[in-house]
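**Q** What follows is the residue order along each chain.
Number of protein chains: 2
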Amino acid sequence: MPTLTPAHVTAATFNQALTRFRAALGTEWVLASDEDRATYHDPYSMGDGLDHEPSAALAPASAEEVRAIVRIANEFKIPLWPVSRGKNLGYGGAAPVQKGNVVLDMGRMKRIDVDPKYAHCLIEPGVSYFDLYNHLKDNDIALWMSVPGNGWGSVLGNALDRGIGYTPYGDHTDTLCGLEVVLPDGDLLRTGMGSMANSKVWQAYHYGYGPGWDQMFVQSNLGIVTRGGMWLQPEPDMSARVSLALPHLDDAAWALDILAELRRRDVIQHNIVFGTPVRSASVMSQRKDWYDGPGALPDAVNEAMMKKLGLGWWNTKLSLFGYAGAVEAHIKLIRDLFEPRIGKPLEFEIWHKGDPAEKSARGIPSTMPLNSVNWYGGRGGHLSFAPVMPPDGRLILDYAKGTKAIYDEMGHDYSASFTIGKRHINNVSLIFYDRDDAAMTARVDTLYRRLVARAARDGFAEYRGHIDYQGMIADTFDFNNHALGRLNERVKKALDPNNVIAPGRNGIGRADTSTLTTAKGAKA
Amino acid sequence: MPTLTPAHVTAATFNQALTRFRAALGTEWVLASDEDRATYHDPYSMGDGLDHEPSAALAPASAEEVRAIVRIANEFKIPLWPVSRGKNLGYGGAAPVQKGNVVLDMGRMKRIDVDPKYAHCLIEPGVSYFDLYNHLKDNDIALWMSVPGNGWGSVLGNALDRGIGYTPYGDHTDTLCGLEVVLPDGDLLRTGMGSMANSKVWQAYHYGYGPGWDQMFVQSNLGIVTRGGMWLQPEPDMSARVSLALPHLDDAAWALDILAELRRRDVIQHNIVFGTPVRSASVMSQRKDWYDGPGALPDAVNEAMMKKLGLGWWNTKLSLFGYAGAVEAHIKLIRDLFEPRIGKPLEFEIWHKGDPAEKSARGIPSTMPLNSVNWYGGRGGHLSFAPVMPPDGRLILDYAKGTKAIYDEMGHDYSASFTIGKRHINNVSLIFYDRDDAAMTARVDTLYRRLVARAARDGFAEYRGHIDYQGMIADTFDFNNHALGRLNERVKKALDPNNVIAPGRNGIGRADTSTLTTAKGAKA
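Chains A and B, in that order, give the protein sequences.
For the first sequence, my numbering assigns the number 15 to the initial residue and increments by one for each residue that follows.
For the second sequence, my numbering assigns the number 15 to the initial residue and increments by one for each residue that follows.
Since the hints were derived computationally from the structure, they do not count as laboratory data.
Hints may be right or wrong, so weigh each one.
It does not matter which identical chain is used: a pair holds within one copy or between any two.
Simulated crosslink set (PhoX-like; lysine-lysine; CA at most 20 Å straight-line) [stated by the list, open to error]: (1) 331 / 346; (2) 214 / 415; (3) 436 / 131; (4) 151 / 124; (5) 321 / 91; (6) 507 / 373; (7) 373 / 331; (8) 436 / 214; (9) 321 / 358; (10) 302 / 321; (11) 507 / 418.
Let the hints inform the model, and build the full structure from the sequences given.
**A** Given below as structure tokens:
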């Protein structure tokens, strides 16, 4: 008998479904033991994470197996929670919104096809950043990729959750070009130009003929992406990168204005991270190395950190890519803009074609940034509060000061990590915690809710959220009495009448979750 | 009594509906006289165009009026054909796929809101390229726009049909950032960040939270866009442009490879047009000025044209934008690549901030390119055969030779106008005709169908099509027994159960058209 069943599914029915899943996938790919299930818990969950515990996991090897799973799921009304590699750390990992969903783990699907000439690839969800990087290296393919903070993650999965990196191809969802999708009824779709059976241009053109559906399957539960096209960056002739450390809190106002302008004009072609000392310190040290008092980190400790680590109040890295003449012209422009203000020459690290990869500004997968979750000690985790805001330095700084004041009031260490996009700045604040410290996680929960509510009141929305908060965030999109939510639900109902794909994902298809919502009490 | 009613609607019911439309909009904005209706015919239709004749037109002034229209349309089952300004020339103008639809003409909705600081605008569908250009000029706003060949057209409408221009913002649909849409049931949606009621970042961020819907309303009949955000180009410090004329047919092979590489690397940041002599000659002269014989234009006439007009077999214009140092570096790169091959120095036209607009590479609206439809004399029209292909020079050239051979065989003048995008080349061939020459239009119809069928056989799809061919093109997307079409129809049915919005647009919602399809015979 299973330990846990999906909501509204009896143990007997669930056993029948598991038997059918085993027949479709092979016994070894239906994972229902307590030990197996535990591997799909959210590693950053506040507390034990049992309110997001899956009832089982399935590991298909192909789109055809995914189709078989979906057909069985419809027959037995088994809700599935598809994950690419389950490494969506900070957003729930592999764990479902609803307790008892069956995780559909696509980590075994690792096929990579790269087109070196046309600079794109077609990959399966199990392909990690390390996998793709090694594939490019091992095959001497002169294409660069963009990587986020976690090299373990799925390249496709990250793009499907609108993750970002820090190169010209760092708007990962924008680099998607054509998806293969198993629809909730088991039908198989190819989007864009791939919707022609013998198409030679699936990855060549971002659009198709008629309505475009790629973004319908992003942050979504309207289908299961089994393959996706992505554009890669042709290796440039030259790259250059430089670190900037700005000593004063108020430097953000002018610096963000300059950086946003350079980003808008495509001089800087990547998302620019702009962060406080704790952001940098947390990767290489723990809080206790600096301070062991209660409450928020005093400003004096931040100053000590800056001094010891050679940081500014704000720290950023800029990269340039392209033909040598143009990169050199842009280096001069950046020098002219920043050197008079910071009073010393900038040191650019230069890479020319043929130099070692480590000297370049290319994306190299790493897991180093994950160290930051150990800030408070214990079993660490983090949340990211990331409202999308207009790219105005003064506005961003004042808003961040307001955010910091709330952190201070609640006694939590403030850590900012803004991201500058083409027309917006993501006013990101990280919230670190020790997941086993109940007082701290209660505080973090309250802090996060306060921040989201304040941002929504001011007209700023989150772009992404942890499974605990996806419904709450969805509810902040309230134009015309939640017209967006109504549209989402209508399409969901049309494509997934049994609500078998990721119920509750980003707030969609919550109808069935009333019992769980009640059970979660204040947190729902 | 109305001269014409929508399919399956009695004259009495239609009269009732018109009365209700008059009450909602005011009598003067319900246009049902024969004279009024004639203004909505396709000006390029082959023959009289009566197979796409509308039964009436409605001209709302606001989204609220559009909502009222849609509610009445549902009540009386009146199919509506929304157009922004009705200037989608070459694709049907304002005329509906189905004879008898009521045109919903949004030309009166002309509100423009520009954000000069953040470089975006929010506009209504009635705003033409001339309107937006004048608005920017009259208000001294240092933002540039991208324009297609027809300055009369709707800025928003063109983006919603995936039209293009020739500046860094020339992928018009990609510059969309947030839409306001009246759904087929009259509900009002805002997409992206605008789905938060008090949003301050509607035009700041391309995506929203959860599935992205902007592209769902592109080349679509799933809603009526009443307002749209678009990004504009910050005025650069410098621009440069240069014309290239390549003397030999086979020059396309190497030149396209170089240009595609420069486009892929973003040195050239705009869609590059690459065309034959007739393309250029047709804007400033007619066929009879060069040749009055039957059949396809002999090669010798093409050569004469090249000599007289200083053209090459292939002709293109390249533009550069940015900071002076970078533009100069890229000028040098282009000289190094092309001058040794063409044996003479290139002449760049340089613009620096402050110089007259005419010297710049900015988009300036014009209607000059429309002259090309007069090539054959009489009342002219054109079709565009535009399969999306991989950016390989040899492949594109060989395919174009095959296309030209079909033109030659059928006795029609070949005119190519390739467009080089970031990862594709649109192997565009223009087909000019005299719409009142029945033998010629029959030939053109056969030619177009042959070309589309040949491309589909080879794995290359059209990106857009005239109302006569939208269904036929849709049918070429045949992966998994037309999975894309099935998805389109499911969403259509869920959102528009009465099929009141643009039935048949891009092949979607054709179910109801059986009688008309039969009536059209071979053309359907």
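**Q** For each hint, tell me whether it holds in the structure or not.
**A** Taking the hints in turn, this is what the structure says about them:
With identical chains, the CA atoms of residue 331 and residue 346 are at most 20 Å apart within one copy only, with a shortest distance of 16 Å there and 29 Å across copies. For the identical chains of this complex, residue 214 and residue 415 are inter-copy neighbours only, at 19 Å across copies versus 52 Å inside a copy, given an alpha-carbon limit of 20 Å. Proximity of residue 436 to residue 131 under the C-alpha cut-off of 20 Å is restricted to the inter-copy arrangement: shortest distance 13 Å between copies versus 28 Å within a copy. In this assembly of identical chains, residue 151 and residue 124 lie within 20 Å of each other by CA distance solely inside one copy; the values are 17 Å within and 53 Å between copies.
When the C-alpha separation of residue 321 and residue 91 is checked against a cutoff of 20 Å, the pair qualifies neither within a copy, at 59 Å, nor between copies, at 73 Å. Neither within a single protomer nor between protomers do residue 507 and residue 373 lie at most 20 Å apart by alpha-carbon distance, with minima of 51 Å and 55 Å respectively. For the homomeric pair residue 373 and residue 331, the shortest alpha-carbon distance inside one copy (14 Å) is at most 20 Å, but the shortest distance between copies (37 Å) is not. Only between protomers do residue 436 and residue 214 lie at most 20 Å apart by alpha-carbon distance; the minimum there is 16 Å, versus 32 Å within a single protomer.
In the homo-oligomer, the alpha carbons of residue 321 and residue 358 lie at most 20 Å apart inside one protomer (17 Å), although the nearest pairing across protomers, at 59 Å, exceeds that limit. Taking CA atoms no more than 20 Å apart as the test, residue 302 paired with residue 321 passes inside one copy only; the shortest distance there is 17 Å, against 80 Å between copies. Within a single copy, residue 507 and residue 418 get their C-alpha atoms no closer than 42 Å, and across copies no closer than 49 Å, so neither meets the 20 Å cut-off.
Checked against the numbered hints given earlier, the structure breaks hints 5, 6 and 11 and satisfies all the rest.
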